[in-house]
Structures are given as structure tokens and as C-alpha cells.
Amino acid sequence: MTDKETQMITEKRVDIQVNGQACEITVPAWRTLLEVLRELGHKEVKCGCEKGDCGACAVLLDGKVVDSCLTLAWNAAGRSVTTVQGLGGPDNAHPLQTAFIEHGSAQCGYCTPGMIMAAKALLDDIPEPSLKDIKRGLSGNLCRCTGYTRIFSAIQAAAETLRQQETTS
Amino acid sequence: MLPPFELLEPHSLDQALKMLATSESVPLAGGTNLLPDLRARGEAGGRFISLAALDQLHGIEHSDSRVLMGARTTLSDILHDPLMPTAAPSLVSMAKVFAGSMVRNAATVAGNICYGSPSADVVPPLLSLDAELTLASAAGERTLSLNDFLLDYKKTARRPDELLISVAWAPPTTATANLFYKLGRRRGDAITVVGVAVTITIENGNCTKARIALGSVAPTVFRAQEAEEALVGGPLTATTIGTAAQAAAQASRPIDDIRASADYRRHAVHMLVRRLLTEAWQTAGSQHD
Amino acid sequence: MNRIESPAAGTANLQLRQVGKPLVRTDSPTKVYGTAVYAGDLTMPGMLCAAVLHSDRASALLRHVDTSRAEALAGVHCVLTAADLPPSQGVMTDMPGQTGGLTKNTKQPILAKDRVRFCGEPIALVAAENAAIAEQALRLIDIEYEDLDGIYDPFDALAPGAPIIFGDDNVVASYKVRKGDIEKGFAEADFIVENTFTTQYQEQAFLEPEAALAWVDEHEVLNIRSSTQVVEHYRAVADAIGLPHNRVRLRAEFVGGGFGGKEVMTIEVWLALLALASRRPVQLVQPRERSFLSHGPRHPFTMTHRTGVSGDGKITALQIKLTSDAGAYAKLSPYILLYATVGATGPYRVDNLHIDSVSAATNNLPACAFRGFGTMQANLACEGQMEEIAKLLGMDSMEVRRRNFIHTGDANVTGQIIRSAVWSDQCATQALATLGERPTDTQTTRIGHGVACYQQSYGRIRWMKDSSEAWVGVEMDGTVIVRSAVTDIGAGQSSALAQITGEILGVPMDQVVVYFGDGAVTPLAGTSTASRALYMSGNATKMAASQVRKNLLSCVAGYFGVKIEQLDMCDSQVFIIDDPQRSIALKDCVKLCAAEGVHRHNLAIFRAPTSEGIDPETGQGEVFPDFTYGAHAAQVAVDIETGEVKVLKSIGAHDVGQAINLRAVEGQVEGSALMGQGFALCEELILKQGRLQTGSLSEYLIPTSEDVPEIKAIVLESRSGLGPFGAKGIGEPVYAPVAASIANAVADAIGVHIFELPITPEKVIKALREKESTK
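Residue numbers (this note's numbering), protein chains in the order written: chain D, 337 to 505; chain U, 5 to 293; chain W, -18 to 756.
Each hint should be verified, as a subset may be incorrect.
[What the hints assert, rightly or not] Derived lysine-lysine pairs resembling DSS-like cross-links, with alpha carbons at most 30 Å apart: (1) W:Lys744 <-> W:Lys627; (2) U:Lys100 <-> W:Lys627; (3) W:Lys157 <-> W:Lys88; (4) W:Lys747 <-> W:Lys627; (5) W:Lys372 <-> W:Lys744; (6) W:Lys2 <-> D:Lys471; (7) W:Lys446 <-> W:Lys630; (8) D:Lys471 <-> U:Lys22; (9) U:Lys22 <-> D:Lys348; (10) W:Lys157 <-> D:Lys471; (11) U:Lys100 <-> W:Lys744; (12) W:Lys302 <-> W:Lys693; (13) W:Lys693 <-> W:Lys744; (14) U:Lys213 <-> D:Lys400; (15) W:Lys693 <-> D:Lys471; (16) W:Lys744 <-> D:Lys468; (17) D:Lys468 <-> W:Lys165.
No wet-lab data here; the hints were simulated from the structure.
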């Protein structure tokens, strides 16, 4: 290979915004966003299967929900990542988080961070989702504890809260 | 954990095609099939060309006679396109039951087609719509039908230096019904046990065009052409539909696997083709009336 | 409000302020904000990553294991095989966490030595600088196998002349129950109904794969922080590697789902060995594919019921044969078989009874504990048989059940008198009624309703002499601390202790902090298994809190010059019941106690009822502390052309004794509804010559959000249980009837029973064809 463009680059500096914070990491091409986020200390991004079957590692990438285990870190370069910690915390809880707490939607809690991010993407897309929309929006996020019912009701409640916030603001 | 591999990141289509021509490499789009495969194999090596930056492969254009879909169109893009429910009803039905949100946001139409899996859900709807594919290489472009593109189990007509850049089809007329059904072992995010797409056009009370595309019941997604022929030229009756459904089942060459037996798959093809044809006749027929 | 309380309940005048309310669990916020820490999230300076090499043969001699290439790889710190372990190497897989009682002495090699007995058996351990190097090292370990004949069916294993995998005869365990006069019972029968039911392997599929971190600290104590249901594994680790018990400290982090799969020790002992060998902290997080091989799935069972029944639906005789596939090692198979044996007659009284049960060793994956622990498989057969009896007699199946239900005061299978409430009928009636009207059939769909009852124990086998300790104390500012080594596996185990303590001491739940799951600093609580955590630790905590209350009130009584009985505690105040204006803040009350040298804390131990075992010839004796009863009902739509089954409604109604946290109870019922649906319809570990064919979450299919029916939980409270405030255990019980109710609903829909789980579309079509051909 003589063409300069096809020279192999083994490692590359990648700049990613994580929850509004600029992060910079040098990684090889085969490193996934999941691995990078966890190396950066974002342990709230969970690993359940590493192949897109469970959704525990779901994060928002430029506002779209992705499995971070199926996203190469290089492909996240220059983009913005939101994890469940970026959505809110005890002092600034997102209505989804408040609703998940109030509805008892987390049991073992391991699917919860990914589930909430999928729910966030769903509500961004469909602010007034039907039960059918919710079921479709979460079908890539497995939960083994809850039977999903309290997750559904929390999302409906959060949607209502967000609607009210919309009308009063 | 993924094994080491090379990733080339072209910024333009030309650059990508040049890379494909000069280096032994595989185009990487959404990665939802290729990355799990790599991880399962666990062996270092291989070179991929990321299509992430190729904006010209995005976008869906609609005109009266033609829908042109960029190869990097994702399954989510299909669901978000306001014209798609009429431009490709079966494709929309399919996208709704395709994996989960995250995979729908990543997986592309081209990736699903080029992977060549018999259970590729994107394929039966597009096959039932007589979709055509445009492949580009450094040497130029060529267009061929999706039907001719699918050769065998995970074998397609794409040459190693080619990139699938777009998919096009004629949107169905109002007298056409275009339906899809996916049978899986669970309702959400499942590998297809049997996938069926049908297109039926009814003119003056007669079926003038029939397409039956079947997934997961042969080494590749395929059209049951004998079954299609049994339908064209007259009204669809219980008898013609039954004959076609039978022919579709006979044309299937399924295997036994962890999801279902070959026998069951053949049975399901029979039942689902019959059901979808009956429904298609009713909907297309009522459009016509 | 789906809640029914008994007016005649035992503690009718009890006024509960917190217990029973659907309060926010203490562990909810941290999980929802993403700050909760799981074992795989921990890091330490200098931490190594581990990886495990699992056998890819089911039955073979290990001719040669060569680790030299792996050891030579840069970044590899140690590679361990059986040759590096003490000759007696092995880890006890007997009922974990027990301090007394009988043991089965079931030992399993930590690493395979001369022979592998199942596909997935661990052979070598690696610790390396990072996970990528550890993985690469695994590929550099050369193994020479010599394949041996294997056995992959328990009936083949029990046949004369079978190759021996376990003991002298491949029998891992067997039980006999002999009760009444079975010949006479069959002679009195008007009909005899015989059917054989089979169940499949079920995988726990917790979302968090096995994970742990181990290191040797500055006191030469081996520390392990793990995702486990059992803190007391520190003893088994110590015994396995030859350390004194006080040199191993095990802490259980939040567990991302257990369901029994993290009951028997999984990866802790491997990490202990690596940490000792490398003198570095070592972490292992099993990739999903290896998680499938690192714990035992649910046992497949074959269950034959031959039932004699009178024309009016009364069971006159019952002969049951149970066979389970234990896989290559015993693990908990003997106990699981015992649970199945005791659960084999469901919630029914059978006076003339023979049960013969056996668990056989094969070269399949060793099966182990999974929510329900044998009872739910046995119950499936029992409840399917009820439907078949009803069909033969032309009776309503609920009517057949009513004629045979066990009642309080009756003797169960093993002759144990049931002392708590048995509300099977109420639960089943409520659940069925809640299903409502049937939608009408269409040309291609048939609607079915099904119900199933059950009897499931809570608490450990009596001869294990179970106990649990808890410590409760009040700080000088009036806040409260609970210490209990209970593991928090997602059902609200620690939160319930806060709620109970808050109730007793009259403080809001958020004023209580629960330290849990630390084998070194929290009093040992036993395990979060066997639906015992709330029963045992709830009682211990209540006892400790009650003693603290007594101490505090005695000081206040002196202060006000009243009797203790005249005082109550609420909202962090102590007040005189008849004169609530006279009150003292809890923090001031604590100061009074401190000044007088009165204990503001207490360590309590709760001990479960015990027995000395069962008669081996008759199976008679007291096996469990008590049982939970209830029912599940399902409405299904079956597509008779494709065989697809869609669950439309799924209703659980259970007498939980007393809900501690109503929302948590409902959450258990809802979660079990979907897990049971998975078992009934789509979950199946498929093994081919011992090799797993469905070892990922795209091949092993648990229900998704798209599979969720309308789910309802109906909570009944008899307050008759042995737990705190009359609670019964519910974690497993609520799961026990689900699959049976769905199987029965499918049978109702298509008019033919499918005796083999899971009920796949394919089996539905086959059953319909057979029905058609016998017409």
C-alpha cells in the first residue's frame, strides 16, 4: 500500500463531550465507547452482553440512543455523550428519574441506567407515547426483575410531568 | 472486547471507493452485525472502512415514480420518514419489529442487505417491492435488482471493491397492498424464524402483480416465483391463495436450528403467505373499489 | 387498591405507620441516578484483570495442559491450573452459608484436573495487566484432550451399564415418600389419570454477569468484593485455599440480579487464588457467554403423575415419579430435589401417596439454584394434572382443586402440620375473577384462561438450623443505623430492614441507614436465598429494634413518671399516648439513655424452627418452617395457524402474610409474571451433546418489553406468617404458579394439553395436528 490514505493508524486521539465535560482519550480503533466511558470513570454505563442484546450500556450520542458496546470510540469523536448521570442527580433530577424512583421501577438496578436513556430518547421523539410506543421504544433494553410494568408507568408519569413543565414555562 | 483491527476513515465517497479498490477491506456501517461477529471470532486482523462520515449516503428522496434511499439510511430513519408508510408499508412494519431502539439507530439498510443473512429483515420487504441496488466502485456504478444481488448464504453479488450506495424502488400504487409479518420466538428483538413480505396489485378485480418474499427459510431471502405466478391474471380466491401458499412452502428450503424445525418453518410459510395474501386481496381490492 | 386484609387476622389491633405502605425503597435513588456501585465497577490501584479458560469438551481426559506460551506473554502475571492448587483442591458446593445441620459434602474441583465432565468446566485462570492481555493469554494455553463417551440424558445415566460420572451409580440424590395405603387408594378410585410433564433448562439471565474483586490487605486478610447472594462464602473460600476463616473478608455489593444463580459460589474462589498468587488486586467480570457457564441453570425435570380420583373429584391415591438432570456435579441438586419432592402435590392434601424422586448425573451443565428451587417444576406437573382430572370428570378445575385443597391444620406431603393461613381458594378465585370476560375467538385465534395454585416454602430446611443476626442502634442525633450482612439482590432486602426499624423506633425511613453485606463488620444474616431474607433478617432486625425501643422507652418512662405501655414513638418523637403534647425528641431521649448508661443499640439473633430430618423410608418429618400459598391466572390468545401464544393478562394473587413494602411486593409479583412467562413460552437452554447452543442473550430469549401482557398483583394479608408482623416469604412463591397458569391457559384455548415446556409455536401446531388426527 503506497496510498497515504490507507496507512494504518493504530491509535488516535479522540475528543468526546461526556455529560457536558470535554474528555480526551487516545485509543485504538477497536476500543468501544462502552470501554472508553468506563475507563473515564463513567461506571454508570453498565455492561451486560457486549453485543447489543441487552441495552444496559445505552447512552445518548448527539441525542440519539445507542448501544455504547456497538459504537466504536473513534466514531464518537467530536460528538456529545449523555449518560444517566448527565441526565440529572439528586439536586436536579430529571422527571424520568423522579418517576422511576417514585414508581419503584428499579429493582436490582443494573438495567436502569440504560433503560432511562432509552426512555429519554423515546420521550424526545414521542412526547406523548402510547403504551405501544413505550413497549417498542424499550424492546432493546432487557430487564429481568420488574416485568417492565413499573418502567412503563414511570415513563407515562414522566411524560405527563414534562408536558406540564412545557405548558407552564 | 473486540480484537484488534484496522479502521480506515474516508471523508468522501471517492476516497472510500479508492480505499476499497486498493486495500483488502470490508465496509463498516452500523456495525450491529460485524462487531458482534468480530468479537465472537476473537482473532486479530481485518481491515474495515468506516462509512460514518459519508454524508452523501444519507437521506431518502421521494418522487411519484421512485423512492431513493441512501445506503446509510438506518432502520430508525425509515420509521421517522413521514412518507414511508405509503412508499413502503412493509418496510415500515418491518422496522417496527426490528431489534430495539439502539440497534435501529445504528443498523443500516445497506448493512443488513450486504451481510447476506437469510434472516435479514430488511430484505423481504425490499424484495417484495422489486428494489434495485446501486453499487459503486472506483471504476464506476452499476445497478442490479436486489433479487439478482442475493446469491447464497451470506453471499451476495457485491464485489470486494464495491460499495452499496443506494436502494430504489417504485412506490406501490393505491391498488397495491404491501404487507410484512415477522414470526419470532418472542415479540421484541428476536431473530426471525419466518419472515414474509407480499405485494399484490389488483386492477379491475384481477391480480396484475404478485410478489412473495420469504426470509429465514432458505440459504438466502428469496422470492417464491411459482407462487407469485399462480396468483397473476385473475381474482385471488381461496383456491388460488391456497395454491400459492402451498407453492411458497414447497419452494422453501429451511433448516432445523435452535429456533425451529424445517417442518415447522414450512408450515408457517404456508399459513403466513395464505394470511398475508388474503389480507392483501382485501385491502388492495377495497382500494380499487 | 388490590389489597385484601383479613378482619380475623392474628394481629388485628396492630397499627402500622410505615410497614405495609408503598414507600420509596432506600436503594432506589442511587440506582436511578447511576451512582450505585456494583462489583464490576470497583477499581483499585495496580488492579489486574482475570480471565477463565473453560473446557470446550463435555467429557474428556485432560492429557496435557501447557501454559508456558501464556505465561511468556508480556503483561501476564500468573496462570493457574489444577497443578498449582493443593492436592485436595475443591470447593464445597453444599448449601451455602450454613452454620449447622446436615451436609451432603458435595465438593467440586476448583479447576478440572485430569478430566473434564462438562462443556464449560474451568481449566485455567489468568491474571494480566489488562483484559485484552488476559484474553490473549487464554488463547495461548494449549490443551490436549482425549474424548470420552459422555451421557447427556438422566435416564441413560441411570440405565444399567452406563458410564459412571458420579458416585457408584450416577445417583446424585433420591427421596421416597410413603404415606397412607396407595393400593387401597387406587382401588377406591373411579378413574386413574396418568401424565408425564417435562421442563427445560432455564437460565437466570440476570443483567449483571458474575463480577468480583479480590486482594490481600495490609493485615494479610484476603478481601473479596463480589456480586453474590451469600456473604458466608468467605468460609468456603478459606476452607478451599487453606486460610483461617478470620483471614477472608467477603463483601457483597449491590447484586445486579441473582435469582439463585449467585447462591452457590461462582468466581470468588478463582479470584482468591489469583490475588494470593499475584499479590495484586485482581478483578474478574465474566463476559456474558462465560456467565452462562459460571453458575447452574434450573434443572430439567421429568415428572409422572398417576392419580386415582373419585367421581366427585377427590384424589384417592397419587403416585409420583420425579427425575432431574443434575449435570456433571452435585451442587445443590439434592436439596432442589427435596424441594421438588415436598412440592410435588402442590397445595393439596393427599393421604395415599408414593413419591420416588431421583437426580442423576450427566455430562450436561451442572444445574443449580434458581428461584423456585425445584418446587416450581413440581408444581407445574401438579397443576397440569388438576386440569386433566377436571377434563376427564367434566368438572370445573377450580372445583376439583377446592375438593382437595390442604387447609390449616392438615398434614402436608411429609406429615408436617400446616399452621399458617392457607388462602389458596381466595387467591385463585380473586385472580380468575380479575381476568374478567374472555374476548371472543376469531377465525384464527383461540382465547384461553388458566389458573394455578401452589405451595412453596420460605426459609431454610429445618435441619440446617437457620439463624440470622442484626444490630440496630440510635445515634446521638436520633438517626438510626442497622447492621446486617444480608445481601441486597434487588428485591429491596436492605430497604425492608430500614422500613421495619423505622416502624419500631418511630423514625422516618430516610433517617435509617442500613449497612449490609459485609462479612467482617455486619452481623451475619445468612443468605438472600430460599425466600428467607425478609423472614429471617426482618425478624432479627425487628427483635433488635424492639429491644432498643424498650431501652429508650424505659428511660423516658422514668423521665415522665409513666409506664412504658403509656408511651409510643413516631416522627422521631417519644410521646404519651393519652397526652401527646407531652413528648420528647428522640435525640433528647438518646441523651437520657447515654447519661444513664443504657444501651442505645442491640444485637439480636433470630432462630428459625428446627427439626432433625426426615425418615428416609417414608419421607415423613418437618422439612420447612412454613409455606406461602396463592395463585396466578393467565389469559392467552393462541394463533392456531402459526402456533404463536400471546399472553394477554397475567394476574398474581398471593397471601403474603403482611406486606412490608407494598410496592416492593407488587414488584416481585410483576417480575415473576414475566419471568414465568419466559419459562412457559420462550426460554430454553439448548444443549447438544452437552454443548450449549444458546449461550447469548440473542439465542437465549428472555421476555422483552414487547412481550409484556397486562400484569396485576393482588396482595392478600393473613398476617399468619412467621416473618416480621406476620409476613411470609414471597420471592420464590410468587413465581411458583406462573408457568403452570400459562400452560393451563394454552390447554384451555386449544383443547389439548402440552406436557412439555417451553410451549413453542411448533409444539402448539404439533399438538393441534395430533388432536386433529385422533378425532
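Here is how each hint holds up against the structure:
no.: 1; hint: W:Lys744 <-> W:Lys627; verdict: holds (14 Å)
no.: 2; hint: U:Lys100 <-> W:Lys627; verdict: holds (18 Å)
no.: 3; hint: W:Lys157 <-> W:Lys88; verdict: holds (24 Å)
no.: 4; hint: W:Lys747 <-> W:Lys627; verdict: holds (18 Å)
no.: 5; hint: W:Lys372 <-> W:Lys744; verdict: holds (21 Å)
no.: 6; hint: W:Lys2 <-> D:Lys471; verdict: holds (29 Å)
no.: 7; hint: W:Lys446 <-> W:Lys630; verdict: violated (41 Å)
no.: 8; hint: D:Lys471 <-> U:Lys22; verdict: violated (43 Å)
no.: 9; hint: U:Lys22 <-> D:Lys348; verdict: holds (22 Å)
no.: 10; hint: W:Lys157 <-> D:Lys471; verdict: violated (48 Å)
no.: 11; hint: U:Lys100 <-> W:Lys744; verdict: holds (27 Å)
no.: 12; hint: W:Lys302 <-> W:Lys693; verdict: violated (34 Å)
no.: 13; hint: W:Lys693 <-> W:Lys744; verdict: holds (28 Å)
no.: 14; hint: U:Lys213 <-> D:Lys400; verdict: violated (40 Å)
no.: 15; hint: W:Lys693 <-> D:Lys471; verdict: holds (17 Å)
no.: 16; hint: W:Lys744 <-> D:Lys468; verdict: holds (28 Å)
no.: 17; hint: D:Lys468 <-> W:Lys165; verdict: violated (57 Å)
In summary, the structure is inconsistent with hints 7, 8, 10, 12, 14, 17 from the numbered list given earlier, while agreeing with the others.
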